[in-house]
Amino acid sequence: MPYQTEFLLRVYRTMKTIRVFEERCIKEFEGGNIPGFVHASNGQEAVAVAACIDLTDRDIIGSTHRGHGHCIAKGCDVIGMMKEIMGKATGLCKGKGGSMHIADFDKGMIGANAIVGGGPPLCNGAALGAKTRGTRDIALSFSGDGSANQGTVLEALNFAVVLKLPHVFMFENNGYGEGTGADYALGCSSLAERNGAFGMPSEYVDGLDFFATYEACQRAIERARNGEGPSAIEAETVRFDGHFIGDPQLYRGENEIQNAKDTRDCIKIFRERVTGESWLKDEEMDRIDAEVSDLIDTAVEEGLAAPNPDPATDLMADVYCSY
Amino acid sequence: MTNNTSSGSSSIKTYREAINEALRQEMRRDPTVIVMGEEVSGGAGCAGQDDAYGGVFGVTKGLMPEFGRERVIDTPISESAIIGAASGAANNGLRPVAELMFFDFIGVCFDQIFNQAAKFRYMFGGKARTPMVIRGTVGAGWRAGAQHSSMLHPVVTHTPGLKVVMPSNAYDAKGLMIQAIRDDDPVLFLEHKIMYDLKCEVPDDPYTIPFGEAAFPRQGNDVTIVAMSNMVTRAIEAADLLAKEGIHCDVIDPRTVSPLDEESILESVEVTGRLVVVDEAHERCSLAADISSIVAEKAFSSLRAPIRKVTAPHAPVPFSPVLEDAYVPSVDRIVSAVRDVLGG
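These protein sequences, in sequence, are chains Z and B. Heads up: the first sequence begins at 1 in this note's numbering, then just goes up one per residue. Heads up: the second sequence begins at 1 in this note's numbering, then just goes up one per residue.
The set of hints was computed from the structure by calculation and includes no laboratory data. Each hint should be verified, as a subset may be incorrect.
[As the list claims (entries may be wrong)] Below, a sample of chain Z positions facing chain B; criterion: calculated Cβ distance under 8 Å:
#1 G97
#2 M100
#3 Y251
#4 L304
#5 A306
#6 N308
#7 M316
Cβ atoms here follow ideal geometry from the backbone N, Cα and C, with glycine treated the same way.
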C-alpha cells in the first residue's frame, strides 16, 4: 500500500470537514445566521487538502475569497472559523474579518483575501522570508482561474522566478471566475502552459483526483524546500455552489451542478479509489462522517452562542500596533 | 435648480433602474458609448444564460441583449487592464463606462486612474480628452468586510483632473450619469450599495444635472447640514426629527464633490452660522474635513459655533454587524452634532 492508513484517514477527514462545513455555511447563511458575502468551496476539497496536508505550521499559505477549505486544510480551528464567519468576538479574527478575511498566523495561514490576485505577491514575501532566514519553509498561494488574469499574479510569477523563491503557485481552475467562463477569460488554451512560460516547472492535474494532485504538490513542495525555486500547478476542479451563496447561477448549464455532484465529486472519487484498492473500509469513513457532523454541529452551536464584539472597546482596537 | 428636465412622463424607479436607464438611453443616442467590466453582462463562455448578472448588483442588466457583447464587454478580472483600456479608448473616440465592481478595487488599478487618466489633459498641454466614466460601488452596511466596503471618495477628490459624483437618490443618479457620460473629463461615479433599491419619481426621458450644483432636500435657517451619498438619507431623517422640535436644518447635498458647490454651502452658513458635515469616509482628509476648512476660511465671520464633523472612525470597515453599525455615522450622531452646534 503506497499510503499509510493514518494518512488516508486524515485526508478523508479533512476533505469531509470542508464539505460539511461549507454545506452548513450555506444552510446557516440561508437561515440568516451568517451575514455578508460568503463564497463556498464545496467540490474543491481535494485540491485544498492535497496542497496543505503535508505542510507544517511554519509553511505559509495565502488564500482567496473562497478560502474556507484552505483554512481547514491548513489546520485552522473550525469552531473559531465558524465564530468568525458569524462575526463573533471570539472568532479567529475577533469578528473583524469575516468569511473573506480569515487568517490564523499560528497555523501559517496568512489570510483569505477579498481582492482577487491579492495573495500571490504576499506569498512571494513569505517565501522570501523563509529563503532569507535560511529555513526550509515554503509558501503556497492559491489562485483561481479568474485571478490568473490579474496583473498582480502575473507579476508575482515572474518575480518568484527571478528571486528563485520557495513558492508553489496553486491555481484552482473551477471553470468560473465569478459568473464568467474560464474558457472565455483565459486567453490562452492552457493555463499550465502559460505559467510554465514564466520559466518555472508547471503542470496540469485533475484536481478531482486527490492522489494525482497530492503527487504534483509533493514534487513542487520538494523543489521549493530544496531551494530550486517556484513551481506552478493548474488543478482542474469543480465549484458545486455559486460564486457567492445566494448566486442564482443563471450562467450554468441545465443540470450542470447535479451532473457534477453525481460524476465529479472528489470525495466520492476518493472513497471509490480507497475502497477499490482496499486501502480503507467504508465503516472507517462512515465513522469519520459522524464525527465530522458532530464537530460542525458544535461549531454552529458555539458560533451562535458566542458573544458579539463590543463596539466601545473593539471598534478602534488593532488599527495600529501603536499610535 | 437648472436641471435640464424634459416635460415628458415620469415614474417611480429605483436607484439601480435609474442608472440602468441612463446608460441605456445614452447608448441608444451615442454609438461610441460602451460599457465594460467584470460580469457587466455575465455568462460569457458559460453553458447557461447570457446576461446572467448584468453586474453583480444588476445595474447593467439588459444592456448586453440590446447592444451586444461588442458594446457591453465582459472582461477578465483585471482591473488595471479594464481601467487602462477604458482610458485609452476614451482618448481614441469612445465614451467608455467602466465598472469597478467594488470601488475598493481601485487599489489594484490606481495607477491607471491617478497617474494616467487624471493627468493626461494637463500634462499634455490641453491636447488630451478622456471622456470616461468609472462606476464603482462604495460604502459600508452590507457586512461585506474591510475590502468591499470602503468609502474612498476623498482619495479621488484629492486628485486634480478627476470629477467625482456621489448621487444620493434615483433622480440625481440618472441625470448625473447622463451628464457624466457626456462630460469630456474622467468621472468617478460612486454608487452606494445600500441605495440600489431606494425609489423616487424619475423622468422617463433623458435629462442632465450639471456638475457642481448642490441639491437642497430640506431647508431651514438654524443649522446647515452637508451630507453626501447615503449620508443624505440619514441627514434628512435627522433634520425631520429635529424639525418636530422646532429646529430647522438646511440640508445640502453637493451631489458632486469635485467640482464642489462651495457657494451654496457658504451662502447657507452665512444664514445659519452653524455647520455639521456628515461623511461616511474616515475623518482625516475627508470631505467633511475639506468642507469644514472651506467654511472656516471663507465664512469664518458667519460662524456662531465650532463646526462639527460626523464621520466614520479612523479604522477599516469591520465585518461584524454590531461593529459595522457602530462604524457608520448614525442619525443619532447627526442629531447630537446639531444639538452641539446649537449649544445644547
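Against the structure, the hints:
no., hint, in the structure
1, G97, "holds (6 Å)"
2, M100, "holds (5 Å)"
3, Y251, "holds (4 Å)"
4, L304, "violated (14 Å)"
5, A306, "violated (11 Å)"
6, N308, "holds (5 Å)"
7, M316, "holds (6 Å)"
Of the numbered hints listed earlier, those contradicted by the structure are 4 and 5.
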